[in-house]
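**Student:** Protein chains in written order, with the numbering used here: chain A, 1 to 590; chain B, 591 to 962.
It is worth saying that the hints were derived from the structure and are not from the lab. Yeah, the Cβ is synthetic: ideal placement off N, Cα and C, and Gly gets one too. Misleading hints may appear alongside valid ones.
Unchecked claim - The calculated lysine to any residue pairs, modelled on SDA-like cross-linking and capped at a C-alpha distance of 25 Å, are:
hint, chain 1, residue 1, chain 2, residue 2
1, A, Lys-4, B, Pro-663
2, B, Lys-775, A, Leu-10
3, A, Lys-4, B, Ile-858
What the hints assert, rightly or not - In silico negatives: residues of chain A with every beta carbon more than 12 Å from chain B:
hint, residue
4, Thr-22
5, Met-153
6, Leu-156
7, Gly-171
8, Glu-384
9, Glu-493
10, Glu-503
11, Gly-504
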Amino acid sequence: MDIKGILKPLTAWKRAFKPPHTIEVPNKVTREGAERYRGFHVNDMDKCIGCGTCAAICENEAIKMIPINDPDKGNSGYRPRIDYGRCCWCALCVDICPTGSLEMTNEYTWVRETGDEFIFTPGIDIIGHEDKKDKGFKKDDKLNFLHLERVPMRELDPKERTQTFAEAVLGYSEEEARAEAERCVGCGLCISGCPDRMHIPDYIRAIAEGNDQKSLNIIYENNPLPEMCGKVCTRRCEFECSLGHLGEPVAIRWLKRYVVEQFDDLKKYVDAKPEPLNGKKVGIIGAGPAGLTAAYYLRLKGYETEIFEAAPKAGGMTFLGIPKYRFPIPSLDKQVELIESVGVKINYNSPVDSKKFKKIYDKYDAVFIATGAPKGMSMRIDGEDHPKVLAAIDFLKTINLGGTVDIGKEVVVVGGGNVAIDAVRVSKRLGANSYIAYRRRVVDMPADEEEIEATEAEGIPIYTQIIPLRVEDGPKGKVKLIYGKAKMVQEKEGARPRPVLIEGKEYEYVVDSIIVAIGQRPDLDFIPEDIRNKLEMEKRIIKVDKRQMTNIDKVFAGGDLANWTADAISAIADGLRAVKGIELYLSSKK
Amino acid sequence: MKEFKREDREVKLFVGPQHPGVTGNMSFEITLEGDTLTSVKTHVGYLHRAFEKLMERRLYIQNFPLVCRICVPESDTNEENYARALEELAGIEVPERAKWIRTLVLELSRLQMFIRWMGGIAGTMGLSTAPQWAIGDRDYILDLFEELTGGRIYHIYILPGGVRRDIPEGFEERVLKVMDYIEKKLPDYDDLIFENSVFKKRLIGLSKLDPAWVEEIGVTGPVARACGFPFDVRKEQPYEIYDKLDFDIITETGCDMYSMALVRRREIDLSINLIRQIIDKMPKGEVWTPLPNVLYWKIPAGETYVKTEATRGEFGYYVVTDGSDKPRRIHVRGVSTPHAYTLLERLVPGMNISDFSVTIVGLQTCPPEIER
Ligand SMILES: Cc1cc2nc3c(=O)[nH]c(=O)nc-3n(C[C@H](O)[C@H](O)[C@H](O)COP(=O)(O)OP(=O)(O)OC[C@H]3O[C@@H](n4cnc5c(N)ncnc54)[C@H](O)[C@@H]3O)c2cc1C
Ligand code: SF4
Ligand code: SF4
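Turn these sequences into a full structure, and let the hints guide you.
**Tutor:** Printed below as a string of C-alpha cells:
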C-alpha cells in the first residue's frame, strides 16, 4: 500500500487558508495594466494628419479612415475609426504611425451597453480612458518601422563649388535612390502640397521597385519638365510628407531628378504619342514652364501649338534666371527636345509686341499668355537709380545669356528669397566678396532652407534686420547703401513678426554694387492697350478663373504673371489647368 | 425476437467537439464495448481558421498577429519560427541580445505551458485543486509577458530582426522572483499530483507506446522522450542561443503516460534553470535590426523549413517566398497532428473510457495547431 502517495496530496489543505490569487474587479483592487500594456486606442488630434498608414498596416481591416474635417495641406481631413469587433490589439498601427499620434492606454476594461460603441474614432469619440494615456503601448524610438533618416545627397565641397558654375548637387546613385524611395509609406499627403498634384507615391514606388522607366512615365503624366523640377523645385510636397513629422521627409525632388537623369534621350523612353491634329490652333506667348507645359499637353491632345519666345532658348526663368550650377543647360535641352519632338513649334528670338499680339490673337483659336514676371521690384528709396544698383533678375539674365557684368569686388544683395540667394552665390562665383542684407531674420527668409544652408556653407554672410534707407555715392567710385536696423514686432498673436525700423541710428555698406532682389512683377506692355485696359487684374498679376481663363475672350494666362506662388511647379500647374480650360473652351465653340 | 450479435454490443459515441480537457475543439468518434474503447477516429474541422491561406494574402509583417494564434497558448514558438524563416529567406541578421531575449521568452512560454498542463492532466482525473493552482501560478508568468510584450497571451513580440522592445527596467529581477516562487511551489505540486498514488496508479502503464512507433509515426517532444528517445530540437539543431546554454536532454523509459508526465515535470525544472542561465549571461546591446519598409517588404524567392522545440515537440514552419511582398505558401507542422491521429488511434483499443480524456491531455494535443 502506497501510504505516502495517499497522504501527500492531503497536504494541499494547507493552502485553504491562503488568500486567493484572483483579484475582484471592480469591487476590490483594479489591477493596473503594465506600462506597455496594449489597452485601448487614443489618438492625439493635434498630431494626427489622417495619413492612413495605420489603416494600411492593419491586417484585420479594423481601421477605416473616415472624413472628419475639410482636407488641408498635409492633412487629409480623415481620421482612423477603429472597429473593436475586428481589432486584435497588435498595435502595429501604433508602431507605424508616422506622427506618433496613435497610442494605447494601459486600461484593461471597457464596458458598454451596446456593441456599436466599440466602433469609435479615438480622439473624437470620448471613451473615458483618455486620462490614462501616459501609460500603455507607445511608439519606441528603437523599433521603428519607418526609416526616418533620408539618404544624404552628395554635393561638391563648398570651397570647390564657389570656384565654378559646375553643378553643386551631384545626384543619387541607383542604390541611394532605391533606398530613399523605399522609405515612402505611400500615404499621398505630399500630393496635397504639390501645386501640380503629381502622382508622387506612384512614381516613388516605381523607383523603389527598380522600374525607372515606369516612374518616368508616371512623372510625365502631368509634368513635362521633371528634370528641372528634380533639380530646382521648391518641393512643397516634401513639407507635407508624413515622415517629416518625426524625421526627415522623403527626398521627393531628388528622386524625380534621379529618374530623369537615368535617361539621356527622353524621346525613346517617354510614352508620348500626340493625337492627330484636330484643326484647332493655340498660340502661346512665352516658353517658360507654363508655356511649355500648356504647349506639350495641348499638342498631345491634338491641338496645333506654337510658342513665341523672346529669348534664344526655351525654359523661361529656369533658363534665364536660375544659375547653371543649379540647373545646367544639357538638362534643360533634353526636356525641351522631347517637347519639340511631339510637334510643339517654338519660335525663338521672337519677342511679341502689341502688333504681333493682335496677329496672334486673330490667327489662333486660343491664346495662352505665359510671359512670367521679368521685372525687378524697386526698393522705393532715394538714389535707387544709381548706376551701381542692379536688379538681380537683370544681372542673372545677363550672366546666363553668356554676357558679363562688372559687379566689382564687394557686393551687397538686398533680399531674402531664392533670387537673392542665387544672385549672391553667383556674385561669389564671379569672385566678389558678397553678402546678403535682409529685412527680417534668417528663419523668416522665404528662400529654401537648403539653399540658405548651402549659402552659409559657401562662406557667404547673411545680415539680417536691415532696412535700406537710401543710396548715395561712395568714395572712389563706390556706392553706399545707407540702412537702419529693425526690431521684430509681433502685432497680433500668431501673426508673422514685422520688421520695424529703429529710428535714430544709421549704418552703411560701402560696396561696388548693390543687387536688389526683393521680388519680380509681370511686364504686360506687349499687350495692346485696348486689351490691356480691359484685362482684369488682381494687384500686379492677371486675374484668371480656375481654368486660367482671363476676362478677355480667347485669352488664357498662367505662370508667374497669374499666380502668387511664383515658382516653376505652380507655373506648370497653371499650364496644365490652361490645357483643360482651353480644351473646354474650344470644345464649346464648335 | 432479434438475435443478440456481438456488433450490437458496440456503442458509437462522439466525444467533443467541445473541449475534451483543456485542449481546444476536436471531436473523437469512439467505439465502445462496455466501458472499453475498441477504436477511435479523430475529427477536426471545428477550429479551422485557414491561417495558412490567409497568410498568403497578407504582407509579411501582417502575419504576426495571425501566427501567434496558431497554437493559442504558445504564441511565441510560432512568432519565433515565422520570424526566423523570414530572416533566413531575407538574409536579416538578428542582434545577439535579441536572440537571448527570444530564448528567454520561449522558455517562459514553455514553463507556463507545462504549469498549465499540470493543472490540465490532474483536472481530467477530477483532481480539481491542481488546475486552480496551475492557472493562478501561470498568471505570474503572464504578468511578466504583459510587462515585456504588452500582451498576456498574444505577444506579437518576436519580429524579424529581433524583438519589438527591449526588456523593461528591473525585469530580470522580477523574472527571478517568479522563478523562485514557482520553484518553491513545485514540491506542493509533486505532493498533490506526481506522488499521488491515484495519479500514479492511473498513469503508470497507461497508453504504453511501442517505441518503434516513435520514428514510424513521427512522434516528438515529451512523448518521444518518455520512450527514451533523446529528441530535442534545442540540442539537435540549436536555434537562437540554445547552444550557449548548459543542459541535457530529459528522457524517461517507461513509454507510458506516467513517463510523459515525469518528462514534463522535469522540463519545468529545466526551464527554470535555463531562464536563470539566460538572465545570468544575457549580453547588452541592440535588440532590433531595422527592417525594410514593412508596407512594401519583398523577400527574394526561396524556401526554408525552420523548427523549434515546442512544449509538445517539433514545431516547424515551411515557408516559400516568390519575390513578392506576401508569402507564396506557408505550411505549419503542428506537433499534435501525428499524436492526435495515428498515435491516438493505436493507443486507444482496450483503454477504459475514463482514461480517454486523460490520454488526450497526456499527449498534450493542441487542435488549433492541427487545424491552423
Ligand atoms: C533667379 C531665379 C531663381 C529661381 N529659382 C527657382 C527655383 O529654384 N525653383 C522654382 O521652382 N522656381 C524658381 N524661380 C521661379 C521660376 O523660374 C518661375 O516661377 C517660372 O520660371 C515661371 O514660369 P513662367 O512660365 O510663368 O514664366 P517665365 O519662366 O518667366 O517664362 C516667361 C518666358 O516668356 C518670355 N517672354 C517674356 N515676355 C515675352 C514677350 N513679350 N514675347 C515673347 N516672349 C516673352 C521670357 O523670355 C520667358 O522665356 C526662380 C526665378 C528666378 C528669377
Ligand atoms: S497613422 Fe497616425 S497620423 Fe496617420 S492617420 Fe493613423 S493615427 Fe493619424
Ligand atoms: S491594434 Fe492591430 S488590429 Fe487593432 S487597429 Fe491597430 S493594427 Fe489593427
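**Student:** Against this structure, judge whether each hint is valid.
**Tutor:** Quick rundown of the hints versus the structure:
1. Between the alpha carbons of Lys-4 of chain A and Pro-663 of chain B the distance comes to roughly 34 Å, so the proposed pair goes past 25 Å and is violated.
2. For a cut-off of 25 Å, the pair hint linking Lys-775 of chain B to Leu-10 of chain A stands: about 15 Å separates their Cα positions.
3. For the proposed pair Lys-4 of chain A and Ile-858 of chain B, the alpha carbon gap of about 23 Å is at most 25 Å, so the pair holds.
4. A Cβ of chain B approaches the Cβ of Thr-22 of chain A within 12 Å, the least distance being about 7 Å, so the stated non-interface status is violated.
5. No Cβ of chain B comes within 12 Å of the Cβ of Met-153 of chain A; the nearest lies about 20 Å off, and the non-interface call holds.
6. The Cβ of Leu-156 of chain A sits about 31 Å from the closest Cβ of chain B, beyond the 12 Å cut-off, so the non-interface label holds.
7. Every beta carbon of chain B lies more than 12 Å from that of Gly-171 of chain A, the smallest distance being close to 22 Å; the non-interface claim holds.
8. No beta-carbon of chain B comes within 12 Å of the beta-carbon of Glu-384 of chain A; the shortest separation is about 54 Å.
9. No Cβ of chain B approaches the Cβ of Glu-493 of chain A within 12 Å, the least distance being about 40 Å, so the stated non-interface status holds.
10. With a least beta-carbon separation of about 57 Å from chain B, Glu-503 of chain A lies farther than 12 Å from that chain, consistent with its non-interface assignment.
11. Residue placement check: Gly-504 of chain A keeps its beta carbon more than 12 Å from all beta carbons of chain B (closest about 58 Å).
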